[in-house]
Amino acid sequence: MALAAETARVLDLEGLEALVEALHARDYEVIGPRVRDGVISLAPLSSAADLPIGWSDDQRPGHYRLVERGDDARFGYAVGPDAPKRWLLPPHSEVFEAEGDGTGFTLRPAEPPSRRFAFLGVRPCELAGIAVQDRVFIRDDLRDVTYASRREDILTVAVHCGEPAGTCFCASVGTGPRAEDGFDLALTELVGEDHRFVVEVGSEQGRELLAAVPTEPAAEGDLTVAAAVTDDASRRMGRDLDTEGLREDLLGALGSSRYRDVARRCLACGNCTFVCPTCFCTGLVDRNALDGSHTARERTWNSCFTIGFSYIHGGGIRESVSSRYRQWLTHKLATWQDQFDVLGCVGCGRCITWCPVGIDITEEARAIRATAVPGGGAR
Amino acid sequence: MSAPTLSPRPTTTGPVDERLLPVPHRVVDVRRDTADTMTIGLEPIHGMPPPFEPGQVDMLYAFGTGEVPISISSSTQVADRREYTIRRVGAVTTALTNVERGDRIGVRGPFGVPWPVEAARGGDVVVIAGGIGLAPLRAAILHVLEHRQAYGQLSLLYGARTAGDILYREELETWRSRLDVDIDVTIDAAGSGWHGNVGVVTRLVPRARFDEQRATALLCGPEVMMRYGAQALLDRGIAPERIFVSAERNMLCGIGTCGHCQLGPYFLCHDGPVLSWDRVGPYMSVREL
Numbered sequence: 001m002a003l004a005a006e007t008a009r010v011l012d013l014e015g016l017e018a019l020v021e022a023l024h025a026r027d028y029e030v031i032g033p034r035v036r037d038g039v040i041s042l043a044p045l046s047s048a049a050d051l052p053i054g055w056s057d058d059q060r061p062g063h064y065r066l067v068e069r070g071d072d073a074r075f076g077y078a079v080g081p082d083a084p085k086r087w088l089l090p091p092h093s094e095v096f097e098a099e100g101d102g103t104g105f106t107l108r109p110a111e112p113p114s115r116r117f118a119f120l121g122v123r124p125c126e127l128a129g130i131a132v133q134d135r136v137f138i139r140d141d142l143r144d145v146t147y148a149s150r151r152e153d154i155l156t157v158a159v160h161c162g163e164p165a166g167t168c169f170c171a172s173v174g175t176g177p178r179a180e181d182g183f184d185l186a187l188t189e190l191v192g193e194d195h196r197f198v199v200e201v202g203s204e205q206g207r208e209l210l211a212a213v214p215t216e217p218a219a220e221g222d223l224t225v226a227a228a229v230t231d232d233a234s235r236r237m238g239r240d241l242d243t244e245g246l247r248e249d250l251l252g253a254l255g256s257s258r259y260r261d262v263a264r265r266c267l268a269c270g271n272c273t274f275v276c277p278t279c280f281c282t283g284l285v286d287r288n289a290l291d292g293s294h295t296a297r298e299r300t301w302n303s304c305f306t307i308g309f310s311y312i313h314g315g316g317i318r319e320s321v322s323s324r325y326r327q328w329l330t331h332k333l334a335t336w337q338d339q340f341d342v343l344g345c346v347g348c349g350r351c352i353t354w355c356p357v358g359i360d361i362t363e364e365a366r367a368i369r370a371t372a373v374p375g376g377g378a379r
Numbered sequence: 001m002s003a004p005t006l007s008p009r010p011t012t013t014g015p016v017d018e019r020l021l022p023v024p025h026r027v028v029d030v031r032r033d034t035a036d037t038m039t040i041g042l043e044p045i046h047g048m049p050p051p052f053e054p055g056q057v058d059m060l061y062a063f064g065t066g067e068v069p070i071s072i073s074s075s076t077q078v079a080d081r082r083e084y085t086i087r088r089v090g091a092v093t094t095a096l097t098n099v100e101r102g103d104r105i106g107v108r109g110p111f112g113v114p115w116p117v118e119a120a121r122g123g124d125v126v127v128i129a130g131g132i133g134l135a136p137l138r139a140a141i142l143h144v145l146e147h148r149q150a151y152g153q154l155s156l157l158y159g160a161r162t163a164g165d166i167l168y169r170e171e172l173e174t175w176r177s178r179l180d181v182d183i184d185v186t187i188d189a190a191g192s193g194w195h196g197n198v199g200v201v202t203r204l205v206p207r208a209r210f211d212e213q214r215a216t217a218l219l220c221g222p223e224v225m226m227r228y229g230a231q232a233l234l235d236r237g238i239a240p241e242r243i244f245v246s247a248e249r250n251m252l253c254g255i256g257t258c259g260h261c262q263l264g265p266y267f268l269c270h271d272g273p274v275l276s277w278d279r280v281g282p283y284m285s286v287r288e289l
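If you're matching them up, the sequences are chains A and B in order. Residues 1 to 379 in my numbering are what the first sequence spells out, letter by letter. Residues 1 to 289 in my numbering are what the second sequence spells out, letter by letter.
None of these hints come from the bench; they were simulated from the model. Don't be surprised by glycine CBs; every beta carbon is placed ideally from N, CA and C. Don't take each hint at face value.
To be verified - Stretch-level coverage of chain B by chain A, calculated; a stretch enters the list once three of its residues show a Cβ under 8 Å from a Cβ in chain A:
id	segment
1	98-109
2	237-248
3	263-269
Claimed, not checked - From chain B, some residues computed to sit far from chain A (all C-beta separations above 12 Å):
id	residue
4	Asp17
5	Pro22
6	Arg176
7	Val185
8	Thr186
9	Asp188
10	Val200
11	Gln213
12	Gly259
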C-alpha cells in the first residue's frame, strides 16, 4: 500500500498532544484508548497522557491480559473490549418519558444528545464496524435517531494497526490492518528514538484539524516504514476467515450437528454480542413507577443469546443454546449479507477473546460449513 | 464481496423517530369474542389515524404496563376507527382486554407488509385461519367482500380448538349466509352440541373450492398449522409464490432495527409479517430458527 507523499505529514509526541487539544478546542469529546479496569477501554481523554503508554494486550480465545511492551508506544495494542458502538449506540438510551393522568398519558420524547465525539486511535476494523452499523441504522426509509444523531458529527483519527492480536483476522475479511478510507485523519505510529506518527488526511475536516497542529512533511523513508508496519501486521494475523461462499455454505448447514457440539461449550452469556462492533440488537424496556404515575421507555442493548430475545406468547422461539448460537453465527456471516449487502463481521476477534470458554467464530464457521449439504437447508 | 466503506456523512437531524412514539387513542368499543379474547375499537384523541392495509400491525401500548404488536382486524374502509382482536396471554394483553370505553391506549404504526389483496384480484382467494389467526385475516376478508366482483371464489377454512373458541361467530354466520362465500369450520375437540367438522383445518383443503391455477392463499395461525396448510395447498397445485403466510416473531420496534423479529434474513415487522411461501417456507421449516 503506497501512501500519498504529497499529503502525508509527520507528527511528533508534542504534536499528538496538540491534536488532542485542538479537538477539545473544537468542542469534541475526545474518546480514545486508556487503561481502565485491567483493559484498554474506550473512554474520554483529557490529554494524550491518558493514552495506554507502553501497554499492549495479549489476546487468545477466552484470554485477555495487559502486558508491558518495554517501550512508550501510545497505540501498541490491538483492540480492547469497547468499540465505538458504545458511544454511537449507547448500552442505554431514553426513547420517551410519559406521565399518567388518570385514564391516559402525556409523552415527552427524548432529545438527541448535544455532545459530539472525536474518536482518537480508532482501528481500521472499528471504522469498518461503524460502516456496517451505518447500513443498519441509516437507510433510505429509516434514520435511527439514537444512532444517527451521535454518528453524524463524529470525527475520526484512526491509527493503522501494527499489533494484531492472536484473535485478529481483519486481513482475511478485508477491513484492515490499514484503513483505506472512512477516516478524517489516519496515523501510523513509528516507535523508537524518533517517536513519530505518519499522518494521512482523509477529509476536509481532517485537513483543517491538522493545520492547527505542528507537523513536518513526511520523508520518503517515513512512508516506506509506515507501509511496512501494516504489511507486517497483515502477516501476523492470528486467524483467518474464508468468506468465499460462506453465506451459501452456512445456510446449507442449518441442521449441522456442530451446533449441538458448540452448545455444549457455549454458556449463552451474550459476551460476544456485547463486545461485537456490529451487533445492533436492542430491546425496549418500560420502567414504570409503582404508583402508575410515570413511565420511561429505554432502549437497551440486547443479545440473541437470551431466551427472552425471541419471546412470544407462550415462550421463547429459540429455547436451545444451539439454536441461539446458530442465530448469532448465521446472522453475522450469512443473513446479514441478505439484509445489508455486507458481512456482519469485521474480523476484530473480540468475540473470541471475550468468550469465557474461548469459542472461536472462525473455527466454528469452518467446522459448520464442512457439514454443508449441497442443495440442503435454506438458501 | 468488497470491504464495507463509510457512507457519506448523514446530514439530517431531528428528534426521536415518530414511529417509535405511541399516539394516544380512546377506547370507543369493547366486545367480548370468547372467554379469553376481546375486540376493542380505538379512535385517535386528535385527528384521523393514518391509512393502513389489511394484514398490517400496530403496536398497542397500555400505559404503565407495556406494548405488544396486534394486527388491525377492521375494514380499511372505516377511516376514523380501528379494531383489534386481542387474546389474553400475558400482562400487556391482560391490561388491553381489561379496558373500558373512554380509557386511553397508545398506538403506533401501521407496520409491515400487507396481504396481497390487490395482486389477488381476478382469481380465487382461499383463506386458512387457525384460532386467533382469523383476526389478522379479517381485514383481508372484508376487503374481498367489499370488492366482491373483483375476485373469483372466496373460501374460508377456519379451525378453532373448541366451539367456544370460534371468533367472530355472528359475522361468520352472516358471511356463510351469502351465496358467494364458502366457509368451512372445524374444531379440534367437540362436545355434544357440535354437529360440524372435527379435526385439523388443513384436512379441509382437499375439498375446498378454488382453481389452483388462479388462486391466492392467505394463511394465519400457529406455525405448525401454516406449514401443514402450505403443504396441503402445494399438494393441490398452488404455486408457492401464491401462498402467503403471516409469520410471527417477537416484534418490538416495528421499524426493522431492534432485531428481535428476525426469521432468517427477514425482519418480520419490516419485510413481513406477510411473506410468500417460496421466500419464507425454507426458513419456517427449520426448527427453532
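Legend entry - Ascending list of hint numbers which this structure does not respect: Numbers 2, 4, 5 and 12 - these are the hints that the structure violates, sorted from lowest upward.
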